[in-house]
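Novice: So the chains spell out like this:
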Amino acid sequence: MAITHEGPAPAEPVRSRSSILNDARFRGLVAQAVVAAIVVFAIGMMVWNAQTNLANQRIASGFGFLNQTAGFGINQTMVEYNETSTYGRALLVAVINTLMVAGVGIVFATILGFLVGVGRLSKNWMVRQVCTAYVEVTRNLPLLFHILFWYLAVLAAMPAARNSYSLFGEIYINNRGIYIPRFVFGEGSGVGLIAFAIAVVGVIVLKKWATARRNATGQQFPVFWTSVGLLIGLPLIALLAVGFPVTIDHPVLKGFNFSGGSRLLPEFAALVIALSIYTGGFIAEIVRAGIKAVNYGQSEAAASLGLKSGLATRLVVIPQALRVMIPPLTSQYLNLTKNSSLAAFVGYPELVQVFAGTTLNQTGQAIEIIAITMGIYLVISLVTSAFMNWYNQRVALIER
Amino acid sequence: MKKILTALALGASAVFASGAAGAATLDQVKKDGVLKCGVSTGLPGFSNPNEKGEWTGLDVDLCRAVAAAILDDPTKVRFTPLTAKDRFTALQSGEVDVLSRNSTWTSSRDATQGLNFTAANYYDGQGFLVRKALGVKSAMELNGASVCTQSGTTTELNVADFFRTNNLQYEVVAFQGQEETLKAYESGRCEVFTSDSSQLYALRLKLANKDEHMVLPELISKEPLATAVRQGDDQWFDIVKWVHFAMLNAEEAGVTSKNVQEMLSSPNPDIRRMLGVEGNFGEQLGLTKDWVVRIVGKVGNYGEAFDRNVGAGSPLQIERGKNALWTKGGLQYGPPIR
Ligand SMILES: N[C@@H](CCC(=O)N[C@@H](CS)C(=O)NCC(=O)O)C(=O)O
Numbered sequence: 001m002a003i004t005h006e007g008p009a010p011a012e013p014v015r016s017r018s019s020i021l022n023d024a025r026f027r028g029l030v031a032q033a034v035v036a037a038i039v040v041f042a043i044g045m046m047v048w049n050a051q052t053n054l055a056n057q058r059i060a061s062g063f064g065f066l067n068q069t070a071g072f073g074i075n076q077t078m079v080e081y082n083e084t085s086t087y088g089r090a091l092l093v094a095v096i097n098t099l100m101v102a103g104v105g106i107v108f109a110t111i112l113g114f115l116v117g118v119g120r121l122s123k124n125w126m127v128r129q130v131c132t133a134y135v136e137v138t139r140n141l142p143l144l145f146h147i148l149f150w151y152l153a154v155l156a157a158m159p160a161a162r163n164s165y166s167l168f169g170e171i172y173i174n175n176r177g178i179y180i181p182r183f184v185f186g187e188g189s190g191v192g193l194i195a196f197a198i199a200v201v202g203v204i205v206l207k208k209w210a211t212a213r214r215n216a217t218g219q220q221f222p223v224f225w226t227s228v229g230l231l232i233g234l235p236l237i238a239l240l241a242v243g244f245p246v247t248i249d250h251p252v253l254k255g256f257n258f259s260g261g262s263r264l265l266p267e268f269a270a271l272v273i274a275l276s277i278y279t280g281g282f283i284a285e286i287v288r289a290g291i292k293a294v295n296y297g298q299s300e301a302a303a304s305l306g307l308k309s310g311l312a313t314r315l316v317v318i319p320q321a322l323r324v325m326i327p328p329l330t331s332q333y334l335n336l337t338k339n340s341s342l343a344a345f346v347g348y349p350e351l352v353q354v355f356a357g358t359t360l361n362q363t364g365q366a367i368e369i370i371a372i373t374m375g376i377y378l379v380i381s382l383v384t385s386a387f388m389n390w391y392n393q394r395v396a397l398i399e400r
Numbered sequence: 001m002k003k004i005l006t007a008l009a010l011g012a013s014a015v016f017a018s019g020a021a022g023a024a025t026l027d028q029v030k031k032d033g034v035l036k037c038g039v040s041t042g043l044p045g046f047s048n049p050n051e052k053g054e055w056t057g058l059d060v061d062l063c064r065a066v067a068a069a070i071l072d073d074p075t076k077v078r079f080t081p082l083t084a085k086d087r088f089t090a091l092q093s094g095e096v097d098v099l100s101r102n103s104t105w106t107s108s109r110d111a112t113q114g115l116n117f118t119a120a121n122y123y124d125g126q127g128f129l130v131r132k133a134l135g136v137k138s139a140m141e142l143n144g145a146s147v148c149t150q151s152g153t154t155t156e157l158n159v160a161d162f163f164r165t166n167n168l169q170y171e172v173v174a175f176q177g178q179e180e181t182l183k184a185y186e187s188g189r190c191e192v193f194t195s196d197s198s199q200l201y202a203l204r205l206k207l208a209n210k211d212e213h214m215v216l217p218e219l220i221s222k223e224p225l226a227t228a229v230r231q232g233d234d235q236w237f238d239i240v241k242w243v244h245f246a247m248l249n250a251e252e253a254g255v256t257s258k259n260v261q262e263m264l265s266s267p268n269p270d271i272r273r274m275l276g277v278e279g280n281f282g283e284q285l286g287l288t289k290d291w292v293v294r295i296v297g298k299v300g301n302y303g304e305a306f307d308r309n310v311g312a313g314s315p316l317q318i319e320r321g322k323n324a325l326w327t328k329g330g331l332q333y334g335p336p337i338r
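Chains as they are written, first to last, in UniProt numbering: chain A, 1 to 400; chain B, 1 to 338.
I should point out that these hints are in silico values taken from the structure, not numbers from a laboratory.
Below, a list of computed lysine to any residue pairs in the SDA-like style, where the Cα atoms sit at most 25 Å apart:
| no. | chain 1 | residue 1 | chain 2 | residue 2 |
| --- | --- | --- | --- | --- |
| 1 | B | 183 | A | 264 |
| 2 | A | 254 | B | 186 |
| 3 | B | 183 | A | 163 |
| 4 | B | 132 | A | 253 |
Make the full structure from the sequences, and use the hints.
Specialist: Written out as structure tokens, the structure is:
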């Protein structure tokens, strides 16, 4: 390849004048073009060959099936879906369901992992032992075992709908899931949304102002609690002003089951719990290692500046530990997302179950469907990595 | 996982294979000395391993009969257990030569899955299993019910059709394996377990307290459970199809595993042709003259297989019903061997 020269360019161009064929740059380009052409040709041949072979064997091919009617039901749909929707729509439902378990799982696993990881370094003997036991037990059992335990063992212990456990007469737990009341926003609720947007802007401005003031005068301002107040208070006041058009839809027992309210499927609950607990064990170790990696001198220095131990951990140790933690944390997030495909064992309708399972079987288009499924996991993983890399750069040590 | 691997194998073979699809399966089976047969993962009466680990059942016997006809030995079969999801890919990719796994014959499977159904060896319909304690007497009372079923089946589609056409609310919970589906039903996740009704009778035997459960009277679909082979090998298609017809013809003519040797001296021309005493009908198919003697002698006729596996001589006690011979008011009808 061409070499870039630092400093002043040579007076004479190094390029040979005899023949373009002897030019290293040109030859490099040609070589690359030839390789690219071969790759494109090979892929083209494979696609063509696959198509003719499938046609010869009379196996359907192509992506037209995405527009055909699916005909099966799905029991958790975040977007409009029914039996007359298309396979493409079923794919969308499945992707959203995958993102939901993965997203909620990542949040819980992270919280759990941080608590346990910090707990393992606690000065309190009890706390330390409990956290160690948690890490050992969760990490050393296969994930499928966790999932089946939470699904079958816990589900079997739940009562039928008629004898549900109830909390405050509003929340019901039974072997069909967890039912909670749902807010129904009526006509005119839009003002609440606008007020919320204003509150968000307010919080950003407030944070900027408080930081500037602290840098200038050293005075602290309770940004956190003020923000919480703003975010909840402002929409509430706005809604009250228009006569509070919000009603609550309560779950009520009707026939075999509850209707009304919102419902968490037991399959969803079992998966999220199992994935969070399992991945939480690994994250705890990452957190512990990250904190351990911060030189003890840092804590001592913070203490000598007069920071209390909690503040020292939050302001001095954790920010430095984060740098060590983020790369392995990213792998855990990716693992959790991919592990959500074990859902097929508990019948949660995610990507592998609905698309690489039912849809593949009903249409028989294995190659297309596996390719789409792999592509989607790849995109989810790349986006997660990209986000974590961005965050990693943000917290990375800025050498001055 | 297995599914994905099989799909990848299929993908690879489609991408790299040189085109000559439908190599002679018969020659391959003769060369290997074994028939590769796809069955269920365990369905009493149809395909299920017994205490000794040998596969038994009506679907299993069809494969044994094919092996008897070709290799003169009904034990020369390698059985591959397949879930509903994996079965067609396994046939397409060549993992099995015959799919004899309670699979419903439908137009789309016949047209787009690269396979051909040979004949229905059991005419079935879909039904519902519920707890007696539920107090439900008809499927029409199932409004709001949760229904457990296996994914990738016609069952999953029929249940959606049934509830939709009758304007009933429902929730379907679909699992990939039969074990998981049954466990979820047992744990109370669903009011209803649905599948082909023959399978309901079979699986009810697997439940802890089988007397607490009952099958509702409605049959909501047609489920001709048929044998399938890969598309593109007509000779193989003919062989598997005619093995089933031979078992039907044997029953109709009263030829059984007990009397087949005596029947060789029967004066009845139908029987003489069938058993190869006259003509060479087996050789025309690529088999031997005595193919039916081998099948019936070593496996039995259709009626014998039915009784032993799912009928009066089995724990399932299923009546012949639609599966009686056409001469007895049923649908099983073997075209003549001549
Ligand atoms: N006949 C239907 C359903 C067949 C089916 O898979 N039924 C389930 C009933 S639980 C079964 O036999 N499972 C056994 C297994 O997965 O091995 C079809 O062809 O789609």
